[in-house]
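J.: Make a model of the complete structure from these sequences and hints.
Number of protein chains: 2
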Amino acid sequence: MYQPITRLFSKQTLSMKHSFIREILKMTKGVAGMISFAGGLPSPDSFPKKQLARLFSEVVMEDGEDVLQYGASEGDKALKQAILKIETISALDEEQILITVGSTNGIYFFTRCFIDPGDIVISEAPGFPGSLAAMEACGARFVGVEMDEYGMLPERLKQTLKALFDKKQRVKFIYVIPEFQNPSGKTMNLKRRREIIEIAQQYDVPILEDQPYRELRYDGEKIPTLWELARTELKDPGRVTICKSFSKILGPGLRLGYTMGPPEVIMPMVMWAQKITVSPDCATQRVAARFIDRGYFAEQISTIINLYRPRRDAMIEALKANMPAGITWTMPEGGMFIWVTMDDKINTDRLLERAIESKVAFIPGSKFYSEGVSKRNELRLNFSYCDVDSIHEGIRRLAQLI
Amino acid sequence: MYQPITRLFSKQTLSMKHSFIREILKMTKGVAGMISFAGGLPSPDSFPKKQLARLFSEVVMEDGEDVLQYGASEGDKALKQAILKIETISALDEEQILITVGSTNGIYFFTRCFIDPGDIVISEAPGFPGSLAAMEACGARFVGVEMDEYGMLPERLKQTLKALFDKKQRVKFIYVIPEFQNPSGKTMNLKRRREIIEIAQQYDVPILEDQPYRELRYDGEKIPTLWELARTELKDPGRVTICKSFSKILGPGLRLGYTMGPPEVIMPMVMWAQKITVSPDCATQRVAARFIDRGYFAEQISTIINLYRPRRDAMIEALKANMPAGITWTMPEGGMFIWVTMDDKINTDRLLERAIESKVAFIPGSKFYSEGVSKRNELRLNFSYCDVDSIHEGIRRLAQLI
Chain A
1 MYQPITRLFS KQTLSMKHSF IREILKMTKG VAGMISFAGG LPSPDSFPKK QLARLFSEVV
61 MEDGEDVLQY GASEGDKALK QAILKIETIS ALDEEQILIT VGSTNGIYFF TRCFIDPGDI
121 VISEAPGFPG SLAAMEACGA RFVGVEMDEY GMLPERLKQT LKALFDKKQR VKFIYVIPEF
181 QNPSGKTMNL KRRREIIEIA QQYDVPILED QPYRELRYDG EKIPTLWELA RTELKDPGRV
241 TICKSFSKIL GPGLRLGYTM GPPEVIMPMV MWAQKITVSP DCATQRVAAR FIDRGYFAEQ
301 ISTIINLYRP RRDAMIEALK ANMPAGITWT MPEGGMFIWV TMDDKINTDR LLERAIESKV
361 AFIPGSKFYS EGVSKRNELR LNFSYCDVDS IHEGIRRLAQ LI
Chain B
1 MYQPITRLFS KQTLSMKHSF IREILKMTKG VAGMISFAGG LPSPDSFPKK QLARLFSEVV
61 MEDGEDVLQY GASEGDKALK QAILKIETIS ALDEEQILIT VGSTNGIYFF TRCFIDPGDI
121 VISEAPGFPG SLAAMEACGA RFVGVEMDEY GMLPERLKQT LKALFDKKQR VKFIYVIPEF
181 QNPSGKTMNL KRRREIIEIA QQYDVPILED QPYRELRYDG EKIPTLWELA RTELKDPGRV
241 TICKSFSKIL GPGLRLGYTM GPPEVIMPMV MWAQKITVSP DCATQRVAAR FIDRGYFAEQ
301 ISTIINLYRP RRDAMIEALK ANMPAGITWT MPEGGMFIWV TMDDKINTDR LLERAIESKV
361 AFIPGSKFYS EGVSKRNELR LNFSYCDVDS IHEGIRRLAQ LI
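Residue numbers (this note's numbering), protein chains in the order written: chain A, 1 to 402; chain B, 1 to 402.
FYI, nobody ran anything at the bench for these hints, they're computed from the structure.
All C-beta atoms, glycine included, are put in the ideal place defined by N, C-alpha and C.
Computed list of lysine to any residue pairs in SDA-like fashion (alpha-carbon distance at most 20 Å, straight line):
#1 A/K26 - B/A72
#2 A/K49 - B/G64
#3 A/K168 - B/P4
#4 B/K26 - A/A78
#5 A/K49 - B/Y70
#6 B/K162 - B/V143
#7 B/K11 - A/D119
#8 A/K168 - B/S10
#9 B/K50 - A/Q51
#10 B/K29 - A/E74
#11 B/K49 - A/Y70
#12 A/K26 - B/K77
#13 B/K191 - B/E146
#14 A/K17 - B/A72
#15 A/K29 - B/E65
#16 B/K29 - B/L351
Negatives, chain B to chain A, calculated, CB over 12 Å:
#17 V31
#18 A314
#19 L351
#20 S358
Derived coverage of chain A by chain B (criterion: at least 3 residues anywhere in the stretch with Cβ under 8 Å from a Cβ of chain B; other residues may be distant):
#21 4-15
#22 37-46
#23 53-65
#24 91-105
#25 112-126
#26 264-272
#27 275-289
T.: Right, dumping it as C-alpha cells:
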C-alpha cells in the first residue's frame, strides 16, 4: 500500500538536476595539495572581519529591539538609504530597491514574476549556471546567444528574437552579465550595451542585468550599466532591472544582495519575498548599512582590488609562460574568471579527470552551455581564491597535461 | 507599441493577493496611543541582545574565514550539531535537518517539492495565513478541516480525504500547527495526534507539522510532536516533516528556522534552497549554534515564558472582567494567541473599524479562513507584544464596543 513519496513530488522537483559544478567542488574540496581554480569563491583574505565583528556587536546592542524583530520584506530602510549613497544615479528612490538574500535570490524572485513553465529566457552562451538553475527551477527554457569579445552578438540576438516571435514563443526577458562575465570574463563595451537595449526596446522585452562583480575592476574605465543607460540616455527607465551583491565585497556567507528596477517589477518581487523568505537577516542588513555609512565601502573595494589584480596578472603570466601555442584566453578587466579556449581536439571534460589526478581543478566549458551544445574545448579558471604561488604552480600542472 | 510589463507576468504573480493582515498592521503601526493585539510579534523585551552581540563579534572574529564564505545549502554543520543537542530523539542525524531562512522558508521549500498548481493541501480551518500564502504562491488549493478544542476533527478529516480521493483530486499533504495554533491557540492532545497520523497513513499522505511556538509552553505537560510519534510509537519515520523556528526564541529578524524530516524529503528541499537562497546567513547560523552550545538556550526559554505567561494571564483576566456574557475564548497553554468567539450577530470585520477608532486593534477571524467561508463572529488577539497594563486597557476598550 505505501508507495515512495516521490510519486507526490511536483513536476519541477522531479525534473531538477544535480549540479555538476557542485560535484566537482565536493570532489576537490579538502584534498591535500589540490590547487582549485574551479570554485567561484572570494578569497577569505578579503573579508573585513574586524569591521564586521565590531559592527555586528554594535548593531545588536544599539538597535537590537529593531533588527531582531520582523523587518520589512522590501528590506531595511537604513540599508536602502546607504545604497542610495553608493548608487549615485538621479531619480533613484527606495521604491526601486529590494534587498535580497544574496543576488541569486533576487534573480529567482525576478524570474518567478515573469516565468510560467515553458517560457523563454534569452541568455549569453556560455552563461552562469547558478542563475540559469534558479531560472530553470521556475520552468524557464533557455535560448543562448553567441558572444564575441564584447558579449552577446547584436545580430544574433535580433535573429533569435525574430525567430522566436515569429513562432509566437513567449519570450519573457533577456539575461546578461555585462561586466567580467561569469564564465567568460568578458565585458560589454558601451556601444554593445546600447545596441542590446535598443533591440530589447524594439521587441519590447525587459532585460535582467546581473552585476555581481562590477566594483572589482582592475583596469580600464568604468562603463555605465545597462540599467543606467536605459534610465538616462535612452529614457526608458522601466527596461532594465539590475541585481547586485555584497558577496564579493563583504563576504558571501552574509547572503546579502539587492535588486534595483522599476516599481512595477520591484513590487511583485516584494510579494514573492514576503512568501518565501519574509525578509533578509535584519541584523546583517543594518551592519551593511553602517559599513557604508562609516565610509568603509570604498576602502574595502580598493583592498580587494589590490588583492585580486596581482592574482589575475599572475594567472595571465603563467598561462603565457606555460601554455602551448594555439591555446587562447580572455583578458578580464575585473571579476574572478578567465576563459580558456583550447585546440578543437581537446575535450576539457576528459582533461578534468587527468587534472584532478595531477591535483589541479577547473570547470569544463561544457557546463556553461545548455544541453545539446557540443563545445568541448573550453574551460573556466578562477583567479580570486588561490594565492600567486599556487596560481603559478597550478597553471604549470595544467599545461603539462596538454 | 510599448505595453505595460504586467502582460509578461507569470500566472502565479498575477493571481497573488495583497495581505489584508499586512494592511491592518500598516494602518495601526505608529499611531499614537494605539494598543495593537493584531500582529504576531514577539516582545522586544525577550531578545537576548547582550549574548547575541557578544557571540556575533566572537563568531566573525574567530570563524570569519568560514562563516563569511559561501556555506552549505543544507545549513551550517555546527548549527546542525547544536540542534542535535536540543532535539533529543533517537536516530536523528544531520541528513534529516535543513536550516532555513526562517520557518516560512522551510514551509515554502516543502510545498515547492510537492505542489503543482491546482494540487490540494489539507489544513486546519481557521489556519495561519502566512503559511497558506507561501503554499498558495506554489499554486496550492486549500481544503480546510473544522476543529474542536483539540484541533482538526478526525472524522471530518477522514470524510474530506475520502471525498477528495473519490474524485481523484491530487491531495499532496496535511498541514497542521498542533501546539498553541495560530490563530486559535488550541493544542492537539496526544490521542488526537495519533488519530491524525493514522488517518494520514491510511490514505498514505504526508504531514507537514509546523511548530514555531513549541518551546513557549506556560502550563500543562509537553506532548510528543506528530513527528516524534510517527518516528517512534507508530514506526513510520517518513510520514511527518516538522518545521521549527528560532524567531520566537532569538528574534525573528535573524531569519532562522529548521526543518526535520526524512532524507528523501530534505534532499529535494536542499536543491530548492540551492536555487532560491543558496543558504541562510552563515554568521547568524554559527551564532545560534554557539548560543545553544553555551547553554543559553534553556535559560532564554524560561526568560520568555516568565515574560509571556503573565501577559496571557492578564488577557484572560481582562476578558473575564470586561466581556459581556455569550462571548467565549480559548485558554492557550502557550504560544502568542487567544481566539475569541462572539455572538453570531457580531461581524468582527466591521467591529475592527470601530476598534481602530478607539485605538485598539485585532485581526478579524474571517482572515483565517479560505475564501467563501462566511464565519464573521471570531477574532484573534495577540498577547506577547503588549505589556500587562496595555493588555488590560486594550481589552477594556474592545469590550466597550460590543
